[in-house]
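Q: Residue 1 is where the sequence shown starts when you use the working numbering, and the numbers rise one by one after that.
A hint or two may mislead.
Within a straight-line C-alpha distance of at most 30 Å, the following computed DSS-like cross-link-like pairs (lysine-lysine) qualify [stated by the list, open to error]: (1) Lys111 / Lys333; (2) Lys48 / Lys106; (3) Lys180 / Lys461; (4) Lys111 / Lys291; (5) Lys180 / Lys111.
FYI, nobody ran anything at the bench for these hints, they're computed from the structure. All figures in this text were calculated on a predicted structure; none of them were measured in a lab.
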Amino acid sequence: MDRQSFYENCRRDFPDFTYNGYSYQLGPDGIDISYDFEINGLASFNPKWHISKIKESGYDLSPEIIDEMVFSLGMVELVSYWKIACPPNVHILKRKLNDHQIAWWKKLYFKGLGEFYYTNGINENIDDFMTITSPETAIPTADSPVLPYKEPTIGQRPEVLIPVGGGKDSVVTISLLEEKTDRYCYIINSRGATEETVITAGLKDKTIYASRSLDKNMLELNSKGYLNGHTPFSALVAFSTVITGYINGISFVALSNENSANESTVLDSYVNHQYSKSFEFESDFREYEEKYLHSGVYYFSFLRPISELQIAMLFSRFKAYHRVFKSCNVGSKQDIWCGHCPKCLFVYIILSPYLSLNELDAIFNKRLFEDETLMEDFDKLCGILPEKPFECVGSRFEVNAALTYTIGLYEKNGIGLPLLLDHYKKANVEAPSFSSYKTLFLDEHALFDFFKDILYEAITK
1 MDRQSFYENC RRDFPDFTYN GYSYQLGPDG IDISYDFEIN GLASFNPKWH
51 ISKIKESGYD LSPEIIDEMV FSLGMVELVS YWKIACPPNV HILKRKLNDH
101 QIAWWKKLYF KGLGEFYYTN GINENIDDFM TITSPETAIP TADSPVLPYK
151 EPTIGQRPEV LIPVGGGKDS VVTISLLEEK TDRYCYIINS RGATEETVIT
201 AGLKDKTIYA SRSLDKNMLE LNSKGYLNGH TPFSALVAFS TVITGYINGI
251 SFVALSNENS ANESTVLDSY VNHQYSKSFE FESDFREYEE KYLHSGVYYF
301 SFLRPISELQ IAMLFSRFKA YHRVFKSCNV GSKQDIWCGH CPKCLFVYII
351 LSPYLSLNEL DAIFNKRLFE DETLMEDFDK LCGILPEKPF ECVGSRFEVN
401 AALTYTIGLY EKNGIGLPLL LDHYKKANVE APSFSSYKTL FLDEHALFDF
451 FKDILYEAIT K
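Input sequences plus hints: build the corresponding full structure.
A: Structural data, given as C-alpha cells:
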C-alpha cells in the first residue's frame, strides 16, 4: 500500500487524538513534567521532561505562568505522537484555546510537518489536515502578570541562555558573547559533542540540562510501520527554553540560527527542514510568548543577520573547539563525523575557504571532495539538483560562493582539483561573489542594539 493510501486509512480508522492533560512538579532541583496523549483506539502516550534549576530566579514564580508554559510545551510535544496516524480531529481537554491560538498551532504543525508530508509522498493542505477543538468550559489561557522584556544597556552584563547542539554555530555564539554577557548553556539530552563544547567553554557548572523521554509505545508503533518523519524539534527548544529561563531567572535566550534557515529545502515550495529555525517561526513564537506565556524571557537568534559563510569564518578563529564540535546526525551516537552524509559534506564545504587541508583532515579524517559516493548530495547542496538534502544546511548561494572560492584557492596553490570540485567547475554553476558575504548584515532580525553591536563588530574586525 502506498503511503497516501495508508495515511487516509489511518485517519479513517483512528479519527481522534486527545491531549488529556499534563502534570508537573517544581522543586529546588528543577521541574518534572509528564504528558497524557492518546490516539483513541490505538495507543496512549506519556512522554516526560525534566528541566534542571541551577539558580534562583530573583522573583516570585507565578503558578499561572508556569502552568501555561508547561501546557504549551505539550502542544508542541503532541505532534510527534499525532503523526503516527494523523487523526483529523485533535481534542484539547482542560484548556480553552481561542481562534487565534488554534490558527497559530495549526500553522506550526502544518509547516513544521512539511518534510514529513513530502518524504512520505502525502498530499495535504492546511485547511483539511486537522481540526482542533477545546471545550467551552475548560480553563482559558491564563490571565497571568506580564513580565516585560528588558533591553540591556551599555555596562550591563545580561544573563543569556545559549542552547548548545554540539555544532559550530552555538560555539560562535558562546565565544562572541563571552566578554559582555553572563553566559549559561542549555542542553537537551546531552551527548559527547555538547558536553565537550561546554567544558571547552569553561561553562560546565553553568549548564542547564533537560532530558526528554519518548514514550515506548510510539517507538513500537514506528517499528510496525506506522507513519514517521521529521517534526519541528526547534519549536520544542523554543518553548522549553522559556521555561528554563523563567525558573532560573535568565532574561535572554540566544539561539544560533542564521538567515539561510529561511530557505526552502524543496525549491519553490513551503517545504523547509529548518522551518522552526526560520525567522518566520521565531517571530511567531515571540508574538505567542508575549501574548499568552508572559515569561518576560526574550527569545531571539543571535546569528540571524549573518550567513553560514560568515559563521564559518568566525568559527575558524576558535581553534580550541575544532577538535570537539560535531554536527553529523548519522554519527551523533558515536560522537563522530561519519564522512558519508550531506551534513558532513556541507560543513566541509563551508569551512574549506578558511581552513587548510591539514586542518580539515584533523577534523574529518577524510577528504570529502574525493568521495564519488557524495556526488548526489553535492549536486543537491549546490543546486545542480533542485531538492536540498533534508538537513540543517546553508543556502545554495552560500555553497556556490564557498565552492568557487575554494577552487580558486586550490588553483592558486597549485593543487589539483579533487573529483567533486572538478565536477563542479565543469558544470559551470552560476555563483555569487564570495566577497559579497564578508560584511553581509541583514535587517531581518530581532537583536537589541546591545547584541547587534557585538555581532557586527565581530564580522567587521
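Q: Against this structure, judge whether each hint is valid.
A: Hint check results:
1. With a CA separation close to 28 Å, the supplied pair Lys111 and Lys333 stays within the 30 Å bound.
2. At most 30 Å may separate the alpha-carbon atoms for a hinted pair to count; Lys48 and Lys106 meet this at roughly 23 Å.
3. About 17 Å separates the Cα atoms of Lys180 and Lys461, which keeps this hinted pair within 30 Å; it holds.
4. Distance check on the hinted pair: Lys111 and Lys291 sit about 21 Å apart at the alpha-carbon level, within 30 Å; holds.
5. A C-alpha spacing of about 36 Å is found between Lys180 and Lys111, which places the hinted pair above 30 Å, so the restraint is violated.
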